[in-house]
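Student: Residue-level listing of the chains:
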Amino acid sequence: MDFECSVNGKNLKKEFKSFTLDIPDFKIPRGFATALIGENGAGKTTLLNMLSGIKLDHKGEITYFGKYTEKDRDGKEEVKNRIGYVSAKSYYLPNWTAEQIIELSEMLFSDFSKEEFLSWCDELALFEGGSFDGKKKVSSFSDGNQMKFMLANVLSRKADLLLLDEPASPLDPLMRDKLNSMIREYISKKEGNTVFFSTHNISDMETVADYAIIMAHGKIAEEGFVEDLKEKYILVKGETADLEAVKPFLYTCSENKYGFEGMILSKDAEKLSGFDVETEVPSLFQISVAVMKNNSRVKM
Amino acid sequence: MKGSKCYGLIVNKTVRIVFTAVLLLLLCAGVFIAWYFTEYAAFSFLIYIHVFGVMAIVMADHFSFGGICTKDMADIGFLKSAVNGLDVLKKAIVTDFYIRACSIFVLVVAPIVIGNAIMGYNMTVKKILFMFIMFFAAFFSQNLSVVVGRHMTTMYIKMMTSSLFTMISIFVEVIALLDATDENGLSMVSIILGSVCLVGGIITSVISFTDVNRSLNRSFYDQNRG
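As they're listed, the protein sequences go chains A and B. Residues 1 to 300 in the working numbering are what the first sequence lists, from first letter to last. Residues 1 to 226 in the working numbering are what the second sequence lists, from first letter to last.
Quick caveat, the hints were computed from the structure, so don't treat them as lab data. Don't take each hint at face value.
Pulled from the structure, derived: some chain B residues nowhere near chain A, Cβ distances all over 10 angstroms [claimed, not checked]:
| # | residue |
| --- | --- |
| 1 | 39 |
| 2 | 63 |
| 3 | 84 |
| 4 | 187 |
| 5 | 206 |
Derived lysine-lysine pairs resembling DSSO-like cross-links, with alpha carbons at most 30 angstroms apart [to be verified]:
| # | chain 1 | residue 1 | chain 2 | residue 2 |
| --- | --- | --- | --- | --- |
| 6 | A | 136 | B | 71 |
| 7 | B | 126 | A | 76 |
| 8 | A | 293 | A | 267 |
| 9 | A | 27 | A | 10 |
| 10 | A | 158 | A | 178 |
| 11 | A | 219 | A | 257 |
| 12 | A | 247 | A | 219 |
| 13 | B | 90 | A | 158 |
| 14 | A | 137 | B | 127 |
| 15 | B | 126 | A | 135 |
If you only want the chain A side, here are some residues facing chain B, beta carbon under 10 angstroms, derived [what the hints assert, rightly or not]:
| # | residue |
| --- | --- |
| 16 | 46 |
| 17 | 56 |
| 18 | 75 |
| 19 | 76 |
| 20 | 91 |
| 21 | 131 |
| 22 | 133 |
| 23 | 135 |
C-beta: ideal position from N, C-alpha, C; glycine also.
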């Protein structure tokens, strides 16, 4: 499927002592929500830091909005302001107050709207009693409220691309649902608006993810539009008695007292004809777990 | 953008108000001491005022910039996601340096000058030299405390470290005071100690800028960081 990209990466590589991020071809489709999924230490944050310009020491080229280089991203306000970045770790200085962040945002981002920010704060019930408390320190917020505050901050700008590092992790289930609708609303607000987020909460974020990139050991193990991935993989359930015969065709497999459950690639599905197995369309969560399991060093 | 504007944006209003209030309080106490006690007895009490001044500066720096040179703090994703974000921070740090230097200068000089004027004492060369030795000592110890403190995130460890550095200032000021009360005037020891503090103050001033710049620049590179 052909599609326009908000971000393209070529031969991205970053080496650490015991880990190498190596992505020959990287893309974030324009106008969609892309989920970045992977085990702990798979390289999700490293990749997000590269894309946002938080870290610069990598090889390869990144192109934004089809024409801008990394140099443009760091030097041109009209490019940098089109990218909104949020990370749960070391984002603000700990003693900054809400009012200070508003003043800084107005100064640093020409497209920041205070009214919109206050409206987001109200909508996300960030302040007790509903009235904005400008003297409140951001570090005095709970982890979840800090994330809500950062999201309110970045959504009050007119960025075309949002890079969100683990936005769902500190949030409660209700707020995760709200986050999904916020992302949906943001994408439908303007043509070309794109969201790229990393997550471990795949089932919670499944409804919003259009495209998924699954990483393992610094490489992309699987990627594609979620609907395509759901056609590529099939969930298989069967009796324990058939397991040994079926196992060689399965992509992944786990056994329980009722039988087995596994994933098979659609192209291998006909190999199961003649066996008493049930098939289902897998969820993104099930696909992700299968891909991660197949690439994991964790003994399952 | 002007440095003062950047300082106002980065350092929160409460810190600025409390710091100014503490400084004024110390200044009033200093002037009172200089007026109430005899000439050199006042100086020995003023040493405490300098120590409290240094402590107030270290605390203000903690609440303004925290451990800005530590590995995690230097990332500041919010500022890095703006084209001029880090420039604003750097300008604020430069302005903060001038404010610190002026504060400690005023805290050392004003009580002596005002006290002398009220009491009708003469501002002798010896007294002026002594006053500058006091300033260099206090300036050096506050600079050293701030530079080292920016590599720490816990306030009480920062305060303990800076109390050790204020010993330098106390030591130099006491030597100079003992010298100043001597009829022969300031000895070479005081002059040398004062000069060492002046050089130390200049070196730590330079380090206070280069250190933050280096930490912020290094935060863009994973490989170079410990």
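Student: Now, for every hint given, state plainly whether the structure supports it.
Tutor: Hint-by-hint comparison with the structure:
Remark: the non-interface label on residue 39 (chain B) is consistent with the geometry, its nearest Cβ contact in chain A lying 42 angstroms away (cut-off 10 angstroms). At roughly 5 angstroms from the closest C-beta of chain A, the C-beta of residue 63 (chain B) falls inside 10 angstroms, breaking its exclusion from the interface. With a cut of 10 angstroms on Cβ distances, residue 84 (chain B) falls inside the contact zone with chain A, its closest approach being about 6 angstroms. At roughly 45 angstroms, the least C-beta separation between residue 187 (chain B) and chain A is larger than 10 angstroms, which holds for a residue marked as non-interface.
For residue 206 (chain B), the condition that its CB be more than 10 angstroms from all CB atoms of chain A holds, with the nearest at approximately 24 angstroms. Note on residue 136 (chain A) and residue 71 (chain B): the hinted pairing holds, with a Cα-Cα distance of about 26 angstroms set against a maximum of 30 angstroms. Only pairs whose Cα atoms come within 30 angstroms are accepted, and residue 126 (chain B) paired with residue 76 (chain A) is rejected, the gap being roughly 57 angstroms. The suggested pairing of residue 293 (chain A) with residue 267 (chain A) holds, with an alpha-carbon distance near 20 angstroms, which does not exceed 30 angstroms.
As the CA atoms of residue 27 (chain A) and residue 10 (chain A) are separated by approximately 9 angstroms, the hinted pair is consistent with the 30 angstroms bound. Straight-line distance between C-alpha atoms of residue 158 (chain A) and residue 178 (chain A) comes to about 20 angstroms, which keeps the hinted pair within the 30 angstroms bound. Our distance criterion of 30 angstroms between C-alpha atoms is broken by residue 219 (chain A) and residue 257 (chain A), whose separation comes to about 35 angstroms. For the suggested pair residue 247 (chain A) and residue 219 (chain A), the alpha carbons sit about 26 angstroms apart, so the restraint of at most 30 angstroms is met.
For the suggested pair residue 90 (chain B) and residue 158 (chain A), the alpha carbons sit about 26 angstroms apart, so the restraint of at most 30 angstroms is met. About 46 angstroms separates the Cα atoms of residue 137 (chain A) and residue 127 (chain B), which puts this hinted pair outside 30 angstroms; it is violated. As the CA atoms of residue 126 (chain B) and residue 135 (chain A) are separated by approximately 49 angstroms, the hinted pair breaks the 30 angstroms bound. Hint on residue 46 (chain A) holds. Least Cβ distance to chain B is approximately 8 angstroms, under the 10 angstroms limit.
The beta carbon of residue 56 (chain A) is positioned within 10 angstroms of a beta carbon in chain B (closest approach about 4 angstroms), and the interface hint is therefore held. With its C-beta approaching chain B no nearer than about 7 angstroms, residue 75 (chain A) sits inside the 10 angstroms limit, and its interface hint holds. With a cut of 10 angstroms, the hint placing residue 76 (chain A) at the interface with chain B holds, because the nearest CB-to-CB distance is about 7 angstroms. At its closest, the beta carbon of residue 91 (chain A) sits 4 angstroms from a beta carbon of chain B; the interface hint therefore holds under the 10 angstroms criterion.
With a cut of 10 angstroms, the hint placing residue 131 (chain A) at the interface with chain B is violated, because the nearest CB-to-CB distance is about 19 angstroms. Evaluation of the residue 133 (chain A) hint against chain B yields a violated restraint, the C-beta minimum of about 13 angstroms exceeding 10 angstroms. With its C-beta approaching chain B no nearer than about 7 angstroms, residue 135 (chain A) sits inside the 10 angstroms limit, and its interface hint holds.
Against the hints set out earlier in the document, violations occur for numbers 2, 3, 7, 11, 14, 15, 21, 22.
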